[in-house]
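Using the sequences provided together with the hints, build the complete structure.
Protein chains: 4
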Amino acid sequence: MKIGFLGLGNMGGPMALNLLKAGHQLSVFDLVAASVKHLVEAGASAVGSPAEMAKGDCEVIITMLPASQHVKAVYLGEDGLLAHVKAGVLLIDSSTIDPISAREVAGAAVKHGNPMLDAPVSGGTGGAAAGTLTFMIGGEQADFDRAQPILAAMGKNIVYCGGAGNGQVAKVANNMLLGISMIGAAEAMNLGVSLGMDAKVLAGIINTSSGRCWSTDTYNPFPGVIETAPASRGYTGGFGTDLMLKDLGLATEAAKQARQPVMLGAAAQQIYQTFSQQGNGGLDFSAIIKLYSKQEG
Amino acid sequence: MKIGFLGLGNMGGPMALNLLKAGHQLSVFDLVAASVKHLVEAGASAVGSPAEMAKGDCEVIITMLPASQHVKAVYLGEDGLLAHVKAGVLLIDSSTIDPISAREVAGAAVKHGNPMLDAPVSGGTGGAAAGTLTFMIGGEQADFDRAQPILAAMGKNIVYCGGAGNGQVAKVANNMLLGISMIGAAEAMNLGVSLGMDAKVLAGIINTSSGRCWSTDTYNPFPGVIETAPASRGYTGGFGTDLMLKDLGLATEAAKQARQPVMLGAAAQQIYQTFSQQGNGGLDFSAIIKLYSKQEG
Amino acid sequence: MKIGFLGLGNMGGPMALNLLKAGHQLSVFDLVAASVKHLVEAGASAVGSPAEMAKGDCEVIITMLPASQHVKAVYLGEDGLLAHVKAGVLLIDSSTIDPISAREVAGAAVKHGNPMLDAPVSGGTGGAAAGTLTFMIGGEQADFDRAQPILAAMGKNIVYCGGAGNGQVAKVANNMLLGISMIGAAEAMNLGVSLGMDAKVLAGIINTSSGRCWSTDTYNPFPGVIETAPASRGYTGGFGTDLMLKDLGLATEAAKQARQPVMLGAAAQQIYQTFSQQGNGGLDFSAIIKLYSKQEG
Amino acid sequence: MKIGFLGLGNMGGPMALNLLKAGHQLSVFDLVAASVKHLVEAGASAVGSPAEMAKGDCEVIITMLPASQHVKAVYLGEDGLLAHVKAGVLLIDSSTIDPISAREVAGAAVKHGNPMLDAPVSGGTGGAAAGTLTFMIGGEQADFDRAQPILAAMGKNIVYCGGAGNGQVAKVANNMLLGISMIGAAEAMNLGVSLGMDAKVLAGIINTSSGRCWSTDTYNPFPGVIETAPASRGYTGGFGTDLMLKDLGLATEAAKQARQPVMLGAAAQQIYQTFSQQGNGGLDFSAIIKLYSKQEG
Numbered sequence: 001m002k003i004g005f006l007g008l009g010n011m012g013g014p015m016a017l018n019l020l021k022a023g024h025q026l027s028v029f030d031l032v033a034a035s036v037k038h039l040v041e042a043g044a045s046a047v048g049s050p051a052e053m054a055k056g057d058c059e060v061i062i063t064m065l066p067a068s069q070h071v072k073a074v075y076l077g078e079d080g081l082l083a084h085v086k087a088g089v090l091l092i093d094s095s096t097i098d099p100i101s102a103r104e105v106a107g108a109a110v111k112h113g114n115p116m117l118d119a120p121v122s123g124g125t126g127g128a129a130a131g132t133l134t135f136m137i138g139g140e141q142a143d144f145d146r147a148q149p150i151l152a153a154m155g156k157n158i159v160y161c162g163g164a165g166n167g168q169v170a171k172v173a174n175n176m177l178l179g180i181s182m183i184g185a186a187e188a189m190n191l192g193v194s195l196g197m198d199a200k201v202l203a204g205i206i207n208t209s210s211g212r213c214w215s216t217d218t219y220n221p222f223p224g225v226i227e228t229a230p231a232s233r234g235y236t237g238g239f240g241t242d243l244m245l246k247d248l249g250l251a252t253e254a255a256k257q258a259r260q261p262v263m264l265g266a267a268a269q270q271i272y273q274t275f276s277q278q279g280n281g282g283l284d285f286s287a288i289i290k291l292y293s294k295q296e297g
Numbered sequence: 001m002k003i004g005f006l007g008l009g010n011m012g013g014p015m016a017l018n019l020l021k022a023g024h025q026l027s028v029f030d031l032v033a034a035s036v037k038h039l040v041e042a043g044a045s046a047v048g049s050p051a052e053m054a055k056g057d058c059e060v061i062i063t064m065l066p067a068s069q070h071v072k073a074v075y076l077g078e079d080g081l082l083a084h085v086k087a088g089v090l091l092i093d094s095s096t097i098d099p100i101s102a103r104e105v106a107g108a109a110v111k112h113g114n115p116m117l118d119a120p121v122s123g124g125t126g127g128a129a130a131g132t133l134t135f136m137i138g139g140e141q142a143d144f145d146r147a148q149p150i151l152a153a154m155g156k157n158i159v160y161c162g163g164a165g166n167g168q169v170a171k172v173a174n175n176m177l178l179g180i181s182m183i184g185a186a187e188a189m190n191l192g193v194s195l196g197m198d199a200k201v202l203a204g205i206i207n208t209s210s211g212r213c214w215s216t217d218t219y220n221p222f223p224g225v226i227e228t229a230p231a232s233r234g235y236t237g238g239f240g241t242d243l244m245l246k247d248l249g250l251a252t253e254a255a256k257q258a259r260q261p262v263m264l265g266a267a268a269q270q271i272y273q274t275f276s277q278q279g280n281g282g283l284d285f286s287a288i289i290k291l292y293s294k295q296e297g
Numbered sequence: 001m002k003i004g005f006l007g008l009g010n011m012g013g014p015m016a017l018n019l020l021k022a023g024h025q026l027s028v029f030d031l032v033a034a035s036v037k038h039l040v041e042a043g044a045s046a047v048g049s050p051a052e053m054a055k056g057d058c059e060v061i062i063t064m065l066p067a068s069q070h071v072k073a074v075y076l077g078e079d080g081l082l083a084h085v086k087a088g089v090l091l092i093d094s095s096t097i098d099p100i101s102a103r104e105v106a107g108a109a110v111k112h113g114n115p116m117l118d119a120p121v122s123g124g125t126g127g128a129a130a131g132t133l134t135f136m137i138g139g140e141q142a143d144f145d146r147a148q149p150i151l152a153a154m155g156k157n158i159v160y161c162g163g164a165g166n167g168q169v170a171k172v173a174n175n176m177l178l179g180i181s182m183i184g185a186a187e188a189m190n191l192g193v194s195l196g197m198d199a200k201v202l203a204g205i206i207n208t209s210s211g212r213c214w215s216t217d218t219y220n221p222f223p224g225v226i227e228t229a230p231a232s233r234g235y236t237g238g239f240g241t242d243l244m245l246k247d248l249g250l251a252t253e254a255a256k257q258a259r260q261p262v263m264l265g266a267a268a269q270q271i272y273q274t275f276s277q278q279g280n281g282g283l284d285f286s287a288i289i290k291l292y293s294k295q296e297g
Numbered sequence: 001m002k003i004g005f006l007g008l009g010n011m012g013g014p015m016a017l018n019l020l021k022a023g024h025q026l027s028v029f030d031l032v033a034a035s036v037k038h039l040v041e042a043g044a045s046a047v048g049s050p051a052e053m054a055k056g057d058c059e060v061i062i063t064m065l066p067a068s069q070h071v072k073a074v075y076l077g078e079d080g081l082l083a084h085v086k087a088g089v090l091l092i093d094s095s096t097i098d099p100i101s102a103r104e105v106a107g108a109a110v111k112h113g114n115p116m117l118d119a120p121v122s123g124g125t126g127g128a129a130a131g132t133l134t135f136m137i138g139g140e141q142a143d144f145d146r147a148q149p150i151l152a153a154m155g156k157n158i159v160y161c162g163g164a165g166n167g168q169v170a171k172v173a174n175n176m177l178l179g180i181s182m183i184g185a186a187e188a189m190n191l192g193v194s195l196g197m198d199a200k201v202l203a204g205i206i207n208t209s210s211g212r213c214w215s216t217d218t219y220n221p222f223p224g225v226i227e228t229a230p231a232s233r234g235y236t237g238g239f240g241t242d243l244m245l246k247d248l249g250l251a252t253e254a255a256k257q258a259r260q261p262v263m264l265g266a267a268a269q270q271i272y273q274t275f276s277q278q279g280n281g282g283l284d285f286s287a288i289i290k291l292y293s294k295q296e297g
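Protein chains in written order, with my numbering: chain A, 1 to 297; chain B, 1 to 297; chain C, 1 to 297; chain D, 1 to 297.
None of these hints come from the bench; they were simulated from the model. Where hints are given, some of them may not hold.
Where chains are identical, the list cannot tell them apart; a pair therefore holds if satisfied intra-copy or between any two copies.
[Unchecked claim] Under the rule of at most 27 Å between Cα atoms (straight-line distance), these lysine-lysine pairs were calculated in the DSS-like manner:
(1) 156 to 200
(2) 37 to 2
(3) 246 to 290
(4) 200 to 55
Listed below in structure tokens is the structure:
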């Protein structure tokens, strides 16, 4: 299939490579020349602008951009995709942005005659490279069915979440809960250990009890409890604190627009912000347990 | 075996019954005559005071009391258990109290020549009746081994947590995390639904993603998502808000003594307190989602 | 002086009237015809659009709009003020918006040859009618000096806060602290009274001690403590909960952009949001004390 | 007058000295010999135990102790004050403890025939030395009138707060609000400065606006804003973070017993606890602003 891919960063780059490997013809664009070069060497053809991509003969265009202002600019800008793309081309935005903006862009696309899906992912750069991402999809069921085999080249779980924007809703809701659970796990583990318990014994009990969560049984923030977790390798790799902070920012913004209180969600955002301001934004988000640990004098 | 059982309330009553059913000889005490009568009719013999029980020939004495002041009074009071009990009798306290008090009482017992275990339970009145409680045990390993077959008549999981007080530590740490996760689940579910998602679809996604926790996959607070959860029967039964509030009070108190910050733990305590003050202390704790729901005018 | 006034709502309407009373010639615009009519009857002349106002001969144009998207549209829109206004005309935006947006608009104005001030107010509709508002001004000192006599017709305190956007910074910082202090006052008053103290005695002690703040000595949230405060008249009038919520939304948004943690500011936002969601958004913000009060069964 | 003084630490020592200077005869006790020696050199006579003091001929006994367990031991212990003191001797406890314990001790005293006042102070060691403390008094009005001239030798403001325990209530309520306001002030000042405002200009605006509080106009946490505040001398002296933490612990404990939510009070406690755990417990509590400041790499 002829596919356009716009945004070849840490996530978009390996995702595009997996599409090439699956045998698709790829037309790519990014502002960073080196990123484009890497894909061209792997067999993609480069275009000079979103407008040029839109004017081409892609059947599907996928975008992977940092934030909602970039998504709006690329789709809705004067010389953007919607100004030039043929009706019927399927548009898929894999950026993580707020649901309201996602719906605004999807509405404009549909009005222009283009089916559109929001398709944010989870799984990190590791999942992007391995083609094991989870896609959370919002849009029409028929468009989801059409996109499914394409996305399957890049991900393992392709989940339909309902109408436009719902992919983003699912992602911010899940990640807000994740951000809260991880801090809760850090507090519970540190409390138990400071009161004299062995960390592995405590984790074992929690993991067979009602406190059980992904943050304790799969990604425990206490060093040494789970050998494969970032906590056991100095909090390197994984899902960075500043990325969690971005997602919590989207969640509280969406909550504000929906006039929905999220007391722990907002508290979690501020706690990670405090930790990031102390210079830890690049560590895996489970490193938040360090904010709760006694500092050596 | 000859066992004394002190405290025959909502939890202690059915636990004592299960010991009788297992063939043990039971000597019981409670301030409430009706509670004693119920056990006597089932085959137990009644004593008139903790002192009388201590002076008897029980090999093991089990206590199940509301709070640390009762535990201290019964064990350490002028006419309490330790003033009269023979050395060597195994003492098991199943009350949920703060770890510091548990260690204080255990220390006094050991000094007096009595092995002691703290053995708080989870599983609620349903688990007490069915004999499926989880016991979290702190104390010496040898005493744990001795107690294990007795406790097995009342519970399904008998978990050794390490030295004295560690049963209480495990319980407050687990329940603090549970209290936080449930509020996080309530916020995430309500945020997603208020942004237009179907509750069951959202729960399905979270339960296969990193936000997964017992509060979403087993005890989801959104009505109708899990048919067997209290949320699907008007938040009746289950684990009451005021009981969760008690456990969070123990957790933050223990954290204060350990000089350990628990930001979300303390926030959770205040959120349940707000909900309880609005008259909802008797509802299952997952009803906290109602604090986050739009009130009809 | 010939002045344009754009935005004649609850605040803008009475402010414009005070300019008329001070002898200025007024050209006005609003989307709501009744608001315009009211001003025209008082002596103003109406124009049909921002563009028409910009093309006229106003020496100064003042805007008073609900939110940053309106400010951006009116100033930066294709047919907005900056597309048509003569260089040198002084632009004053009295809307309360986030500092970043204020700086963006001011930057565009200056580039276009127009001095611009951000001039948000405090004092409410009462202060707008009485001409006793406080203006917090960001921009060049010389432009502040030029604006000062005009603003003096509408306000009592005209405070220079430094460069562009600083009027907005001062307002969000002050109002965030106000929102926090009021909740703190509500908690302290309710705690003291629930522990048996007389509310007036407690307020008297706090007001001569280190807990003293505007929220206790001038605007105490406990009914009956200060006769002139909204608390003593059913929380009517004053500064609405939803307006406080808007300002806290601006504060936490600005903090997010500055990567600055505001833990209590974010908590305050969520607490007012909870109260608003329960149907109390129209009450004075000091009514937040009701969220902390026992509900009658 | 013949006065007994029990507890000669950082606060009690200088307070006792001021009683001597005012011409009273002083009988003193402390576990630390050096503290007693200092007072004896200044003219006091030493006794060997609380019991000996109680058996003596003091007309008034004043206690100044670290925490409620010490107060209970000294008053209610087997060999404590109430076991030996003559009926009619006025008892004054200046310790800062929780209101419930204060009422328990006062109730026992009254039952024994001794009028008792709770009389916690604010003003710190500086105020204790200068004789300018504020006393917050709970108990009978007649006893307050009797104590007033004695306390006037140690303090400037002697405030009657109502029945037994109300002195403690007033202190915890005031200090909880203080702890909240100071964090609010820290967040507002840091937010404003990080957004580009001058700290002194911002403080000036807040101090004439609705955000005004003792923490901004008298004790501003931003360095250089108020020359006499601890912030302008490296956060030395003043009121230590760990003392604020103790008072917030009393406030949240009292709130728990009263079933009264204190969301920001509990958040403040955790924030100071986090700061203390990072090694800053000895700094003045206004140093909390450092938790909100960017750390140098």
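To see whether the hints hold, each was checked on the structure:
1. Taking the shortest alpha-carbon separations for residue 156 and residue 200, only the inter-copy value of 21 Å comes in at or below 27 Å, while the best intra-copy value is 31 Å.
2. For the homomeric pair residue 37 and residue 2, the shortest alpha-carbon distance inside one copy (19 Å) is at most 27 Å, but the shortest distance between copies (60 Å) is not.
3. Proximity of residue 246 to residue 290 under the C-alpha cut-off of 27 Å is found in both arrangements, the shortest distances being 20 Å within a copy and 24 Å between copies.
4. For the homomeric pair residue 200 and residue 55, neither the shortest alpha-carbon distance inside one copy (58 Å) nor that between copies (41 Å) is at most 27 Å.
Violated hint: 4 only; the structure is consistent with all others.
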